[in-house]
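Asks: These protein sequences, in sequence, are chains F and E.
To get my numbering, take the position in the first sequence, counting from 1, and add 4.
To get my numbering, take the position in the second sequence, counting from 1, and add 28.
Bear in mind the hints are in silico, worked out from the structure with no lab data behind them.
Virtual Cβ for every residue (Gly too), placed ideally from N, Cα, C.
Treat the hints with caution; some may be incorrect.
[Said to hold, decoys possible] Pairwise CB distance ranges (calculated): (1) E:VAL135 x F:MET129: 29 to 39 Å; (2) E:ALA226 x F:LYS13: 36 to 46 Å; (3) E:ASN98 x F:LYS240: 12 to 22 Å; (4) F:MET110 x E:THR137: 23 to 33 Å; (5) E:LYS165 x F:LYS240: 29 to 39 Å; (6) E:ASN98 x F:LEU120: 44 to 54 Å; (7) E:THR137 x F:LEU42: 45 to 55 Å; (8) F:LEU170 x E:PRO195: 40 to 50 Å; (9) E:GLY133 x F:GLY192: 33 to 43 Å; (10) F:SER127 x E:VAL135: 17 to 27 Å.
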Amino acid sequence: MDKIWILSKKELASYFDSLIAYVMIILFLGLSGFFTWLFGNTIFLIGQADLQVFFGISYWTLFFFIPAITMRSLAEETKSGTIELLSTKAVSDWQIVLGKFLAALMLVAIALACTLPYYITVSSMGPIDHGATIGGFTGLLLFSAMYISIGIFSSSLTNNQIVSFLMALFIGIFFHILFDLISSNMTGFLGDTFNFMSARTHFESISRGVIDSRDIIYFLSVIFVGLLLSESMLSKRNWSHN
Amino acid sequence: MSSIIVENLTKKYGEQRAVDNITFEVQPGEIVGFLGPNGAGKTTTMKIITCYMAPSDGSVTVEGFRADQNPEEIKRKIGYLPETNPLYTDMPIIDYLRFCAEIQGMVKTEIPARIRKMVEVCGLGYERHKKIGELSKGYRQRVGLAQAMIHDPNVLVLDEPTSGLDPNQIIEIRKLIKELGKEKTVILSSHILSEVEATCDRILIINKGKIVADGTSETLRHQAQGQELLSVRIEANDDQVRKALLGLASVEKVNPMDSKPGFYLVQSKPDASSRKAIFDLCVQHKWYLLDITGIETKLEDVFREVTN
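Chain E on its own, in the form it takes in the complex (with noise of 0.2 Å):
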C-alpha cells in the first residue's frame, strides 16, 4: 500500500492556481525530493499533505487515512518541518520538545528517552538549556527538525530541511535523513539540486503547480540527454579532424571547444554511439587520440530544461 496518495490536487488562491491538477504516489521507505522555481507550488502542496490547508479540489490519503475525514490521524503519522521554521522563542528547548511530544500522544514514560535521543541525533547536546530564541538559525533548525521527529511518525515532511546550516551539518542531516528513509516515507523539498540527488530515491520537478518530471536522477538525466555528447582531444591538423569527424556515420555535429585549443565536443546521432568509431578513425588517420570523455546531463540541465 502507498504510504502517500495525491489525486488530482488543485489548489486556488483567487485565480491563480497555486497547485494545479498533480497526482502521485509514494511508497513506503522512500525519500521523494520536491524541486521546483521559486512559487512552483511545493510549499504548498506540503502544506495540504500535511492537514494544514484544505485543497480546492482533489484528494490525498495517508497511510490510509484520508485528509478530509481523518486529519487528525494523519497528523500523528506525519512529523513536518515548516519552510519558516516557526518555534516558540521564549521556551527552552526541552521543554518545546516535550510539549510537541505530549501533543502527538506520546506515551509519557517514554517522553524523556525520546527526548534525550532528538537532543543527540540533532546534535543540540551543548545548547540544550538554552531557550530557543537565544540559538542561532542553524541550531534553530536543529530543533525543528527534533520536534518533527519526535514522536516517531512514519511519514516525514520536510520543507527546506538544511537551510541554514553549514556545510558539515548538511552532510549529517542528509546522512540522517537518508538513514530515516530506510524504513520511513520521507518528502522533502529543495531547491539544491546537489542536495536532492545525493539524498532522493525519486525527484519530483513541479513547476507552475504541474509535475514536469518524476523518476530517479538517472532517469531524469537520461531522458534530458537523449543524444551521446563526447569531449573529445586529438592531436592533428584542425580543419582535417573536423572534416573527418563530420565525416563518421553516426556523428551530428562537431564544435572546436573556444577555452581548450584541441579538444572538440561531438554530438552523435540519437540512440548512436561515436567512440569506437572515433578511435577507428584516429587509428586509420595515424593521429594522437589524447582524451575521450563522455559528457552527463547535470540535473541542473534537466532543471533549466523543464521548468524554463
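Next comes chain F alone, as it looks inside the complex (with noise of 0.2 Å):
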C-alpha cells in the first residue's frame, strides 16, 4: 500500500507538473458549468433544486476526459522505456498499475470536488435532494474509475498515446451507448444482459439516489477486469516464451 501511495503521488505530480490537471480541471469545469447553468436545457428551466442536470453533462464531459489523463500512463512509460527502471524497482507490477489508476482517480475527484459550489448554489435555491446529490457524485466517481481502467488498459496495450487514446473511447463507447442501445432493440435473456452491461443504467439508477449493491458490483467488475488485463500486458514481458 505504501509503495502504491508513493508511485501515485509521484503520477498525480506530475499530471499537475505536465499541465494535464490544469487544462482537465479548468475544461471540465467550463464544459459543464456552461451547459449547467448558462445554456440549453439548464438547472433553472428544470424548476427543481437538483443537479441532475449536471451529472448528465459530466456523464459524456468524463467520457472524453478520462481517456485524455490516462492515454500516457503506461503508453509512455514503455516508449521511453522508464517502464524497465520502474520494473527493477523494488515494486510489483499490480502496484504499478495500482499506482496509475489511483493517482488518475484523485485527479477526477479533485476535479469533482471543484464542483462543490454548484452543491451549494442550488441547495440555497430550493430544498435539494440530498440522497440524489451524494448518489450523482458517487456513481460519477465510480463510473470514472471504470473508465480509468479501461484507459489504463488501452495505455497498455501500445506505446502510442493517440492510439491509447482512441482505443480508450472505442472500449468505452460500448458501455457507454452501444450496450444500451442493442439492448433496446431486443428482448428476453439476451436484452437483459445487454442492459446489465451498460454503464448508463446503472449510473442512472445510481444518480437517482438508490444505491444498490448490483450497480456496485457491476462498476466494481469492470474496474477489477480492466486493472487484471493492464497488469498481465505489464507482466507479459515476463513470460518465458514469448
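Assembling the complex is the task here: the two chains are given apart, and the hints tell you how they should meet.
Replies: Spelled out as C-alpha cells, the structure:
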C-alpha cells in the first residue's frame, strides 16, 4: 500500500507539472458549468433544486476527458523505456498499475470536488435531494474509475498515446451507449444482459440516489477486469516464451 | 556464499537464442566486466539478473533469493543502470532521487542525507535544481548512476556506465566503481576494453549468447598469448642475423619488422623463452644488441580472437 501511495503521489505530481491536470480541470468545469448554468436545458428551466443536469453533462465530459488523462500512463513509460526503470525497483506490476489508477482517480476526484459550489448554490435555491446528490457524485466517481481502468488497459496495449486514447474511447463507447442501444432492440435474456452491461443503466440508477449492490458490483467488476488485463500486459515480458 | 549465481540461463527471442545456456557465479566484493560485441547477450543477461525479464530456461539467484520466487527482494538489493538510461525527464533531479529512494523502501529519515551524498558523489552539485530533461547526456548518466546507488544496494548492475561521459568523468566514475567494489558486488558491461581492464577484477567475454572467456585480464592475456613474442633490435648484417636467429633451438619464427629497419619479431616455440639465447648469440658474434622487448598480447587481441 505504501508503494502504491508513493507511485500515485509521483503520478499526480506529474499531472500537475505537465499542466494536464489544470487543463483538464478547467475544461471540465468550463464545459459542465456552461451547460449546467448557461446554455440549453439548464438547471433553471427544470424548476427543481437538483443537480441531475450537471450529472448528465458530466456523464459525457468525463467520458472524453478520462482517456486523455490515462492515455500516457503506461504508453509513455513503454515508449521512453522508463518502465524498465520502474519495474526493476522493488515494486510489483500490480503496484505500478494500481498506483497509476489511484493517481488518475484522485485527479478526477479533485475535479469533481471543484464543483462543490454548484451543490452549495443549488441547495440555497431550494430543498435539494441530498440522497440523489450524494448518489450522483458516487456514480460519477465509480463510472470514472471504470473508464480509468479501461484507459489504463488501452495504454498498456501500445506505446502510442493517440492510439491509446482512441482505443479507450472505442472500448468505452460500448459501455457508454452501444450496449444500451443494443438492449433496447432486444427482449428477453439477451436484452437483459446487454442492459446490465450498459454503464448508463447503472449510472442512472445510482444517480437517482438508489445505491444498489448490483450497480456497485457492476462497476467494481469492470474496474477489476480492466486492471487485471493491464497487469497481465505489463507482466507479459515475464512470460518465459514470447 | 556467492552473491550472484546464474545457472544454465537461456533466453530465446523466437528462434534466436540471445543468451545460450550460460553459467557463472560472482562473489561478494567482486567487480565483473561483461565484454562482447554488439548483440552478444550482455544486456539481456543483465535484464534477467535484475528481474526485468524472465529467462526461457535456467535460474538466477541473487543474495540467496531466487529470481522466479522472490523478485521483490532481489530488486531491493540491486541497483540497476539500464543501457538506455531512461529517466523521467519532467522531474527535478532531487525529486527523482527521493522518489527512487522511497520506492526502494528506504527509511524516510535517512533519505535527505543519502540524496546529498549521491549528489556529491556523482558530481551533480551545480545542476541539482534542474529538471532532468534540461541536463546534458553526461549529467543524465550521472543521475542514472545516482538513482542506481541511492538505496545503498549490495549488488550493482551497470550497463555501460561510462557511456556519454567525458574523460575526466570516466576516470572519476571508474574510481567510484572501484571504491564501491571493495564491499559490493558490481557487474558492468562495456565495449571499451581498457575500461574493463582498468576497473574489473574479472572479465567475462560473451559472444553469441555464450561465455567464451572467463578470468582476470592477466590470465586471459596469458591464455591467448601461449608463445613468447619478442621484438629484437640487432645492428649487423641482415641475412646473417636472420639465419642465426632461426638457428636457435627455441625459436620458431623470425620476421623482420617492415616499419622499423633492424628490428626483428621473434616468436619462440611453445613454453620456451629465447631471451638468453639471443643475448648469447649476440655476444658470440660480437653484434650489438640494442633492444629486446617482450610483446604483450593486448586485451583487444584476446577479444578479437575469441569473438571472431
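Asks: Which hint numbers doesn't this structure obey?
Replies: 1, 9, 10
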